[in-house]
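Student: Below are the chains, spelled out letter by letter.
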Amino acid sequence: MGSVIEIEGLRKTYRTLLHGPRQALDGFDMVVEPGQVHGFLGPNGSGKTTTLRTLLGLVRPGGGRMRVLGQPVPHALAAVTPRIGAVVESPQFFGNFSGRRTLRLLATTGGIPHRRVEEVLDIVGLHGRANDRVKAYSLGMRQRLAVASALLKSPELLILDEPANGLDPAGIREMRDLMRDVVAAGATVLLSSHILGEVQQICDSVTIIAHGRRVTAGPVADVLASQDKGEFRVKVDDPARAAAVLAEAGAVVRPAEDHLVVTGVTDPAWVTRTLAGQDLWVAELTPITPDLESVFLQLTDEPAVSA
Amino acid sequence: MKLIRAELARLFARRFTRIALVGVLLLLAGIATVIWITNHKPTPADRLSAHIAAEQALTERNAAYQQCVDAQSRTPSPGATDSGAKQFPPGFDCHQITDYPSTDADFLPASFRLAAAGPDLFRALGALLALFGFAVGASFIGAEWSSGGILTLLLWRPNRTPVWLGKLGSLLLGVLGVGVVYSVLWYATLWVLADNRGSSALTAGALRSLALVDVRAITLALVAATVGYAVSALGRNTATALGAAVAWVVIFEVGTRIILGLMNAARPERWLLSSYVQAWLTNGARFFDESKCHNGPDPCVGVWWRISAQQSALVGVTLLVVVTAVSLYSFRRRDVT
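Chains A and B are the protein sequences, given in the same order.
Using the numbering used here, you'd call the opening residue of the first sequence number 1 and step up by one each time.
Using the numbering used here, you'd call the opening residue of the second sequence number 1 and step up by one each time.
Keep in mind the hints are simulated off the structure, nothing from the lab.
A few of these clues could be false.
Said to hold, decoys possible - Going by beta-carbon spacing under 7 Å, a handful of chain A positions derived as facing chain B: (1) G35; (2) Q36; (3) G57; (4) L58; (5) V59; (6) L77; (7) A78; (8) T81; (9) A86; (10) F94; (11) N96; (12) T108; (13) T109; (14) G110; (15) I288.
We treat Cβ as the ideally placed atom computed from N, Cα and C, and that holds for glycine.
Given these sequences and hints, build the entire structure.
Tutor: If you want it as structure tokens, here you go:
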């Protein structure tokens, strides 16, 4: 089976009379393999939403090639849309309708039986408030309704843009479980999020975008490993002397508040052996492995939005 | 078809639509109440007294006519005080007295006659339906743009032309349905009013004429709904259409009328959309060109001129084509950001 999403050289320039042209995407590439949760990360204004909207036919691309579920888009979008569920940015619904009516109208539009509405209301945990008006919903409930609308089609590809916005910790966990269920059922999830810890927990692979270009992509473990500099955190009784010993032995040492950061070492036993040779005894030796947040910050050179 | 069904359900599920429907109903009820209060069916005593009054008026009129003829045939002597000569100066056309003979109906108390008042009341229904169509049409897509409903819809139906047309189609079906139902209700109400407060008698020709007025009224409502929808879609906001409507009234109807009046322009009504609406509803309208009235000391000899129903249809179709074409083009091309 081929890739679920293939984007090659995607370009988009917004033109406004007031502000002139602004390049949102500058030859962006992305590949999403089937049966995965694929994280899509990038700072604000990096082109994430433009990419998703372009994929879904809401924004006209300025150039490049896109295929979704094996079909060229936007040309064959009408054919693949019934197989794609999407939530783009903030949940968008008419406030005076109830959640149930909102979903039923969408189901009628898509020729989906109304019993599916009850199923998805159950899945997202909105059954008890389904007859309330949407404007009375909290942000989290609207988010659930948005996800419910995306699930109505029993999609093969689920595109979620910041689905955890407004959700409490329990809601975030439910959302995570839901994505796992969707993937277990054979679908693929493309997840755009700022909550990097969440992405690291749930995603099989990621694409990171900055300034409209892909800066890295691949399985999460590979992306993290690519940024691993072989750093260790070392605690000793006499850090000043230990630093001098390690530096003399060829390591790069950076003193921190109550420990040393040793870089450029492949074998942690070398640190223990070198220091022990000078009667310096290691109290703690921990490899510093990069997390997604630090990789993100390093690659995008932007402050990440914290969860 | 699924889209039209869903959008039709959405149209009538919207609170604004329901409020507007009730609003039109209340206004119609208000008109009906005024008719009920200010009219009543003549009793036999009313008819008798009206007949006597008409006979008396006829006698007085014949006497006046005779007096006029006598006054015209005499040559008044200088200094004579002939009351007939004073009342009917030389050259007065005595037939003016008999041109409009009084009938019993002139002396009956106000009563509501469906045949006479029906067309104007159906034109009033048309005006209300047009207002309803414009506001509901504008809100139907404008509020959906504001709330993000259009974005959600496009995630289900990415082909924009069918979405734009489907929503418009469901709107027009809705307005047509409302127009037909309200027309039937209005006719039934007027018939009951006429039966109790006047005369409900209608010849086949009068009934056909009333039906044609109603068709024109509903057509006007459909055009108004389309324009409201198209302008609102263009601005992606209900306020765009409402603002355009207010601007149109202030700039083109009031402002232009004042400026053309100051310029003493010939046939100023031809530049006003309201003239064409009026001509459409009344199957052609006559206007008096006053620009000739200020040219000399002689009495005004202005010219009557006419806007035909065909001319107003041409203006309406042109407006419709331009507005819908621009709106649809914009809907197809613009990014949803």
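Student: Checking each numbered hint in turn, tell me which of them this model violates, lowest number first.
Tutor: 1, 2 and 15
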